[in-house]
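If you read the protein sequences in the order shown, they are chains A and B.
If you're matching positions, the first sequence starts at 1 in the numbering used here and goes up one per residue.
If you're matching positions, the second sequence starts at 1 in the numbering used here and goes up one per residue.
Each hint should be verified, as a subset may be incorrect.
Quick list of in silico lysine to any residue cross-link-like pairs, SDA-like style, CA-CA up to 20 Å [said to hold, decoys possible]: (1) 78/B / 243/A; (2) 131/B / 183/A; (3) 307/A / 98/B; (4) 131/B / 263/A; (5) 131/B / 238/A; (6) 131/B / 234/A; (7) 117/B / 302/A; (8) 218/B / 71/B; (9) 320/A / 99/B; (10) 131/B / 232/A.
Cβ pair distances, simulated, as ranges [stated by the list, open to error]: (11) 24/A / 9/B: 39 to 49 Å; (12) 314/A / 35/B: 47 to 57 Å; (13) 29/B / 45/A: 23 to 33 Å; (14) 96/A / 117/B: 54 to 64 Å; (15) 13/B / 133/A: 23 to 33 Å; (16) 334/A / 56/B: 15 to 25 Å; (17) 45/A / 30/B: 24 to 34 Å; (18) 38/B / 195/A: 26 to 36 Å.
Hints in this document: simulated from the structure, not taken from any laboratory.
The beta-carbon is built from N, C-alpha and C at its ideal position, and this holds for glycine as well.
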Amino acid sequence: MHSYPTAFNYYKWAIRLVGLIIFVGILVHGGPRLGEPLDLSIFFVLIFFAELLPVRFSGTIAEFSMTMPAMVGLFLCYGLPAMMVVSAIGMSVANIITRRGKPLRWLLDMVSYNTADYILAVAAASLAYHLAGGRTLAGGSEVTLSETILPLLLWVATGTTTNMLFITTGLSLYSRQPWRMLFVQNLRWYVPNYVITGPFGILFAYLYLRYDVYGILLMIIPFLAGRQALNQYAVQLDTYRETIATLGSYMQHYHPYTRGHLERVSAMADEVGKQMGLPISSLMFIRDAGLLHDIGKVGVNEEILDKVGQLTDEEWAVIKQHPARGAEILSQMRYLERIVPWVRSHHERPDGRGYPDCLDDSKIPLEAAVIAVADAFDAMTGGPDDANKRTYRAPLTFDQAVAQVRYGVGTQFDPRVVRAFLRVIARAEEKSGG
Amino acid sequence: MADSIWLSPAFLAAVAVTIGVVGYSYVYLPTQMRRAYRQSLLTLARAVETKDTGSEGHGERVSEYVVAAAREMRVPAKERRKMEYAAFLQDIGNVRVPHAILNKPDNLTHEEFDIIKTHAMIGADVVERVKFLRDIAPIIRHHHESWDGSGYPDRLSGEDIPLGARILAVCTTYDSMVHARAYRLQIDEESAIREIRAGAGAKFDPEAVNAFLRILKKRQRNQR
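Just chain B, with the same shape it has in the complex:
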């Protein structure tokens, strides 16, 4: 053998290349991809939100609450990510709800409200068709179910409702209350919190409500 190989620049270069490549493909790349993925889902969600005047940014704000509340409830990171994506895409079913109904300024008739209600099923149906989003379909389908079984579309109750959907229900209701929508006037944060608390055990999972109120308090403290 011509030279000692272990001290040669070629060997050191080989080690450096290996470390660099492994770091790139297992640390840097997945992070970048996940970021791009998240950003793209959010962008698609925003495109749908423009259809429902006043709902712009709803998915993103709600996703922040959902992730924080889920962390508070010690949900594992992988599940939290699913909940985050479900929050982005919760109202994606609105693509097939007529513009006129979504933006109707006065009270909806029964029929119109029934049409609005289909958005949860349609949204679940859409993500169901996408291989890597199939897991989040149940969260989207059931995000309007009630803890007491009075919600839609399947009238599930209690822990039959997926955890992600229970958390999402609390967060999305709160956000809709504090932001003006076509069919509802904005109310202040204190009244919204009172209403959420009143819904614990009836409309909402009490544990999800507790977690949500705790993170809300933390946020308010941080803002001050």
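In isolation and in its complexed conformation, chain A is listed as follows:
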């Protein structure tokens, strides 16, 4: 088992301790009422499956889960103590099942920390809810939907924010990355997620208030169908992208250098993109863009591409067509439209001296700038083994190439990208250096 940074361990214990105190406090203070066992077990099953079966977009961290809506429904119906107990157990069991096979100590460590994290978040959310004048059925009163909407929105917002603060802090201590950057990255992901799933929570509550537990059962079928549809889409999209990107990259494999280069550019662009906190919708495609950025070279005379020595003006003109040609090829492909401008602009420069459009700084897509750095760096070092080295230029050492990238800041390369790139490089060196 690899060891975590000390600060992260202290942090986890602090969270666990505070979580436990609040948990006991709520149970003692909130009274013993736990609700009908049947209804509670339906909610339990709901939360368990929602947590177990998220909708995942593989290759990314993107994931939608219906856990939060189910928790909102449970909270409205039975109040905080019941919701806390039922969902904490449901989520923990689901978490253990998805990660089965890991060592027991690791599982306990993870589940206890996550549960404590989660208890703090829902406690804060409920506090906000009650402060805003919201009531739950557990109080014995009639509750109408209209009076709960605003406090519910507050519930979701507070719960999400609290959870995000804790996760970001933990992640920042764990990965030693700057807190602010991680926070922005998380914000970009959590906000749309909760905007999408949030209304479902309110719908759950409404159906329960109106039709009792049958209302919840009514939700399950459309919910499962919706999940299935999203997963279906995710799987098909992945298959499609994987096939086209892999085929495209092997097609460029006109000599042994190319494929390894494309793979490394793809991986590096992904790392740098993550480091910069690019939106998830970009991260989903940046690997594909890395593999396909030179697709415009397919079909071009390899005598020009591989020429040793000075190119004539006409030959240069042919080479310079490849970003536009690549963009044109990719524009024919549905679901890959997003990467078309990235491919077109991967030879642009912030000083406006790039090609094909001589774009200036503000008009170059950030993703294109990421690919530009990854591409240039790998072309300079030529990969780890000699057989992969380009024919027309002696490869630089790692340090020389890094120096070249630094030298090009602001003229050839985007400063934001270079900053992220240098951090990625430093982290990789730290890892390999021990």
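Fit chain B to the supplied structure of chain A, relying on the hints for placement.
For chain B alone, kept in the frame of chain A given last:
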């Protein structure tokens, strides 16, 4: 219970959502995806065709013949789709055949022709590496085999050659004859048909030739 649930708008909405979602994910989405997939493969194939002047559109035209001939031979839809994709990508191996040889205007030397011949193996090798295209690799590898065993790269004969490759061989030869290429002048449709018919049982699978000639006749009738 507050109201009757079965007549409520909530229930009707739930049913409608379910039907909509199932229809979307099992009918609409797969159709859209397949269309996008087909279009993308075709685009990649076209990108390679630009390297071999005169071959633009070859893959797409041939794929139409192949699918029609396969339907004529009652090949199941799933197999037909594989044959269609193989037809698109048949010459993808040209990415590693030198530009100068592909576009050489005069007769090729033996060595040059041997290099041209590698395109079938290279193409098969490329699609072999792609998980969801692995199935079509044999069709691409063997689309220049002959029924009598005189083809390349493996000198397979008769039914040892995959059916898709046998059909593709007929269709691709015909299309190359009726369209001008760097190394060959265009000939008219009647002479091309005569040559294909003469090749039945020697170069081509006789059944594939029959199916191809039937669909060609149908096409000509429809054009008139």
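Hint by hint, here is what the structure shows:
Restraint check for residue 78/B and residue 243/A: the C-alpha separation of about 18 Å stays at or below 20 Å, so the hint holds. The straight-line distance between the Cα atoms of residue 131/B and residue 183/A is roughly 37 Å, outside the 20 Å bound, and the hint therefore fails. Among the hinted pairs, residue 307/A with residue 98/B is consistent with the structure: their alpha-carbon atoms are about 13 Å apart, no more than 20 Å. Taking the CA atoms of residue 131/B and residue 263/A, the gap is about 17 Å. The hint holds against a cut of 20 Å.
A C-alpha spacing of about 12 Å is found between residue 131/B and residue 238/A, which places the hinted pair at or below 20 Å, so the restraint holds. About 17 Å separates the Cα atoms of residue 131/B and residue 234/A, which keeps this hinted pair within 20 Å; it holds. Proposed proximity of residue 117/B and residue 302/A is supported: the alpha carbons are some 18 Å apart, at most 20 Å. Distance restraint check for residue 218/B and residue 71/B: the Cα-Cα separation of roughly 13 Å lies within the 20 Å cut-off, and the hinted pair is therefore satisfied.
For a cut-off of 20 Å, the pair hint linking residue 320/A to residue 99/B stands: about 18 Å separates their Cα positions. Among the hinted pairs, residue 131/B with residue 232/A is consistent with the structure: their alpha-carbon atoms are about 18 Å apart, no more than 20 Å. For the hinted restraint 39 to 49 Å between residue 24/A and residue 9/B, the CB-CB distance of approximately 44 Å keeps it satisfied. The supplied range of 47 to 57 Å is broken by residue 314/A and residue 35/B, whose beta-carbon atoms lie about 39 Å from each other.
Checking the proposed 23 to 33 Å range against residue 29/B and residue 45/A shows it holds: the Cβ atoms sit about 29 Å from each other. For the hinted restraint 54 to 64 Å between residue 96/A and residue 117/B, the CB-CB distance of approximately 58 Å keeps it satisfied. Checked against the hint of 23 to 33 Å, the C-beta distance between residue 13/B and residue 133/A comes to roughly 30 Å, which is consistent with it. The beta-carbon spacing between residue 334/A and residue 56/B, approximately 22 Å, falls within the hinted interval of 15 to 25 Å.
The hinted range of 24 to 34 Å is satisfied by residue 45/A and residue 30/B, whose Cβ atoms lie roughly 31 Å apart. A hinted range of 26 to 36 Å for the beta carbons of residue 38/B and residue 195/A is consistent with their spacing of about 35 Å.
Of the numbered hints listed earlier, those contradicted by the structure are 2 and 12.
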